[in-house]
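Starting from two chains that each stand alone, build the complex the way the hints lay out.
So the sequences go chain by chain: B and H.
Using the working numbering, the letters of the first sequence correspond one by one to residues 1 to 395.
Using the working numbering, the letters of the second sequence correspond one by one to residues 1 to 105.
Treat the hints as calculated values from the structure; they're not laboratory data.
Treat the hints with care, since some could be wrong.
No farther apart than 27 Å at their CA atoms in a straight line, the calculated lysine-lysine pairs in the DSSO-like style are these [stated by the list, open to error]:
(1) B/330 to H/71
(2) B/330 to H/78
(3) B/345 to H/68
(4) B/345 to H/71
(5) H/76 to H/48
(6) H/71 to B/364
(7) H/78 to B/345
(8) H/10 to B/53
(9) H/76 to B/330
(10) B/369 to B/227
(11) B/364 to H/68
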Amino acid sequence: MADKETPLLDELEKGPWPSFVKDMKRMGEKNPAARDHLRLLEKSYEDKLVHWKHGGIVGVQGYGGGVIGRYSDMPEEFPHVREFHTFRVNQPSGWFYTTEALRKLCDVWETYGSGMTNFHGSTGDVILLGAPTENLQACFNALSENGFDLGGSGSDLRTPSACVGPARCEYACIDTLDLCHDLTMEFQDEIHRPMWPYKFKIKIAGCPNDCVAAIARSDFSIIGTWKDALKIDQDAVKEYAEAGFDIQGLVVDKCPTKALKYEGGRLELVPEDCTKCMHCINKMPKALRPGDEKGAALLIGGKATILQSAFLSWVIVPWMEMKPPYDELKDLLRRIWEWWDENGKVRERVGELIYRLGMRNFLKAVGLKPVPQMVFRPRANPYIFWWPEEVGKNG
Amino acid sequence: MPEIEYKGQKIEVDEDGFIQDPSLWNEELAEYLAKTEGIEELTEDHWKVIRFLNEYYHEYGIAPMIRKLCKETGFKLKYIYELFPSGPAKGACKIAGLPKPTGCV
Numbered sequence: 001m002a003d004k005e006t007p008l009l010d011e012l013e014k015g016p017w018p019s020f021v022k023d024m025k026r027m028g029e030k031n032p033a034a035r036d037h038l039r040l041l042e043k044s045y046e047d048k049l050v051h052w053k054h055g056g057i058v059g060v061q062g063y064g065g066g067v068i069g070r071y072s073d074m075p076e077e078f079p080h081v082r083e084f085h086t087f088r089v090n091q092p093s094g095w096f097y098t099t100e101a102l103r104k105l106c107d108v109w110e111t112y113g114s115g116m117t118n119f120h121g122s123t124g125d126v127i128l129l130g131a132p133t134e135n136l137q138a139c140f141n142a143l144s145e146n147g148f149d150l151g152g153s154g155s156d157l158r159t160p161s162a163c164v165g166p167a168r169c170e171y172a173c174i175d176t177l178d179l180c181h182d183l184t185m186e187f188q189d190e191i192h193r194p195m196w197p198y199k200f201k202i203k204i205a206g207c208p209n210d211c212v213a214a215i216a217r218s219d220f221s222i223i224g225t226w227k228d229a230l231k232i233d234q235d236a237v238k239e240y241a242e243a244g245f246d247i248q249g250l251v252v253d254k255c256p257t258k259a260l261k262y263e264g265g266r267l268e269l270v271p272e273d274c275t276k277c278m279h280c281i282n283k284m285p286k287a288l289r290p291g292d293e294k295g296a297a298l299l300i301g302g303k304a305t306i307l308q309s310a311f312l313s314w315v316i317v318p319w320m321e322m323k324p325p326y327d328e329l330k331d332l333l334r335r336i337w338e339w340w341d342e343n344g345k346v347r348e349r350v351g352e353l354i355y356r357l358g359m360r361n362f363l364k365a366v367g368l369k370p371v372p373q374m375v376f377r378p379r380a381n382p383y384i385f386w387w388p389e390e391v392g393k394n395g
Numbered sequence: 001m002p003e004i005e006y007k008g009q010k011i012e013v014d015e016d017g018f019i020q021d022p023s024l025w026n027e028e029l030a031e032y033l034a035k036t037e038g039i040e041e042l043t044e045d046h047w048k049v050i051r052f053l054n055e056y057y058h059e060y061g062i063a064p065m066i067r068k069l070c071k072e073t074g075f076k077l078k079y080i081y082e083l084f085p086s087g088p089a090k091g092a093c094k095i096a097g098l099p100k101p102t103g104c105v
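Pulled out of the complex, with its shape left as it was, chain H reads as follows (with noise of 0.2 Å):
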């Protein structure tokens, strides 16, 4: 399982990327996987959808579909691909701390 070094911790994550343990989660930590998203700086919009995003899983234990996102963060999913380039799924997904959201192809 691949690694990812964080202030001197080594954090668990996946071939894509995902951390394996969501309670190692916080927004330090946020701040770092957006990097590698390629994102510089996360805005209060990029941290409405994380947060989000972050609470539903905790709440249901699973990803919210997109339309639940868009209602609830008022973002037209447009806007959401400007904020997070690699999308919802692998990009924000990814940065709120989620597992991998599984789909089919």
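For reference, chain B alone in the conformation it holds in the complex (with noise of 0.2 Å):
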């Protein structure tokens, strides 16, 4: 490509870091679509608008979802992306490949699309960037030869994801790599045919370090924790003592509830006082650790603006044993999807629609007790509205 054609991307490539716009001139040399990409996002910096359309409605045979479309708003001018579109692919659990796989995936993409690949989006899926209508349905058939097949998008269930979980991490209270691939099998049916008033989104963390940020980005968020106390090394404890690591300062004074005690050498918890935030085994991996009756908490409504603000999930269930065949865990689910998809209104998270119906009316539809895990400062504020036939029953 002509150095002098995309001279305000061109000060991309001047930093100290890699720049998308070097992958995307390389691309470029073999692929038109590469090419015109990088042109008409040239276009977009110098008009300071974006040059693609909104919406489109594209897609495979049978399925509602995994394919999006987009066109650019000029055709004639970069007609390599008047029709570009784009695949989710469902990527494995964790994301773990063998280069043989990620081979054949580079070399479907090249065959139909125009080679660009994101690994990953925010859903988790592999993103493939831009193929024309025609080249749809193959390309989805050679992506079903290979093994792969599409992951969610529009108003259904998106592609489940997890953080690595047990393959690489000792925190984990889960099998995150399971229960994702489990979920993804078992509701393939909401996953690739869109139902609901808006997107849900499954997001599974092994521990409360939450790594894949379950809280914020999934409206179903399922996060490792355990039961009974978390588990205390006390030679372990001399040790990082003997080494100089302030134990009062850096783990004892930093603990939100105060549950942590140091004293005469030894450190001692609370446990009633700990609500397994991971502060104190982050800092004292070798001393502490997770308890051993392990499960998961599992929380609801995270998403960011559209109808209302930005909301975190909100525990709805502390704790439940996360087994195979998991259940309950679907069963909850199922009840869930029924109730959103009856009360929700078109582009209605689910967590929006506890904010404008309220949470006591989800436990009664969900068939959920409320508990005092499922309020910020229970201890502060422990005030709950109850069912006027319950005051009568309670006094």
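Below is the structure:
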């Protein structure tokens, strides 16, 4: 590509970090769509305007989601990106691939699309950027033959996503990889055929560190935790102290619920005060670790700003055992979807529906009891709206 | 704007093949549009979905939610995909003469 063609984008190549401009130029040498895409982006920088049209409905047979329509609003000047549709490809749990699988994926994409990819999008899927309408079905068929399936898009269950969990991390309280795979297989219909008021995202974190940011980015967050007390190895605590580590200042004083005491060289926990925030474990991983009775907390309602402002998920089940076949979890999900689908307005996320109709109505509809763990500071604010019939019963 | 030629008449469609002027829609045009979505023959069940979508649109000015479509026709979503392999939004709405449903992805 002639160097002078994209002077504004060329600026981005000058810094010390890798630049997507360099990648796109390299692909542009063999793919005209990649080249036109770069030129269209330069035009957007000049005009301070996006040159992709809003919306577009494209797809493959039998699926309502998985391919997102993109059209340029300047098709005459940029003919190779006239149609530039995006595929979402369901990622493997924890994003583990063989190099062979990656090569196949790239071969398919260079045959039918722009050759440009994004590993991975915020949903977790592999994003394949830019194919013309006439190639969509053939590309999907080739992906299928190589063992890949599409992910979710539109008003459906988005591709479930999980942290690497026990594959690489000693903190994992649940098998995030198995759970993610199991839910993906169980809810194929919900992933591929949009049927709800709006999108629904499930993300699974192995421990309260929440490396996939499930609490902020998913309508339904599954976060590994434990029920008993965290475990303390007093010999290892001594080693930290001898190495000059400030246990009092960096761990005990920073415990948000003041659940730790450090006296006479021993670190002691008051288990009922611990909220499993992971701070002390992160600071002293050799001395502290999660308890033995492991499961997950379930939270609902996380989302970015749409109808309402951004929400973090909030706890609806403080602890549930997470063992295959995960029936209790699946039943709960189905009850939640039924209530949301029956009551939700167009483009209303489940968290927004709860905000509109009230947590009390939600809990009753899905058959959950209100418990103190649902409240941010239950000891300071134990307030709960009782149903009128309960007030009579409880005096 | 692309056009399709149907019975000597030129009809404007958008890039996804949705007709731009819903008032031009009739049942013969629906049969023609069905072929562009790979449906050779429209059965009574197809027509049940198409007529419901068309009437709903003329009453409310929008496409119904999927749950409404399934409830009113009595068809499960899976069966609607069997009838319209490209799905209710891309397939059935297009054949029923609705403007393209806008959606955020």
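Cross-check of the supplied hints:
no.	hint	verdict
1	B/330 to H/71	24 Å, holds
2	B/330 to H/78	20 Å, holds
3	B/345 to H/68	12 Å, holds
4	B/345 to H/71	16 Å, holds
5	H/76 to H/48	13 Å, holds
6	H/71 to B/364	24 Å, holds
7	H/78 to B/345	22 Å, holds
8	H/10 to B/53	24 Å, holds
9	H/76 to B/330	20 Å, holds
10	B/369 to B/227	18 Å, holds
11	B/364 to H/68	24 Å, holds
The structure agrees with every numbered hint stated previously.
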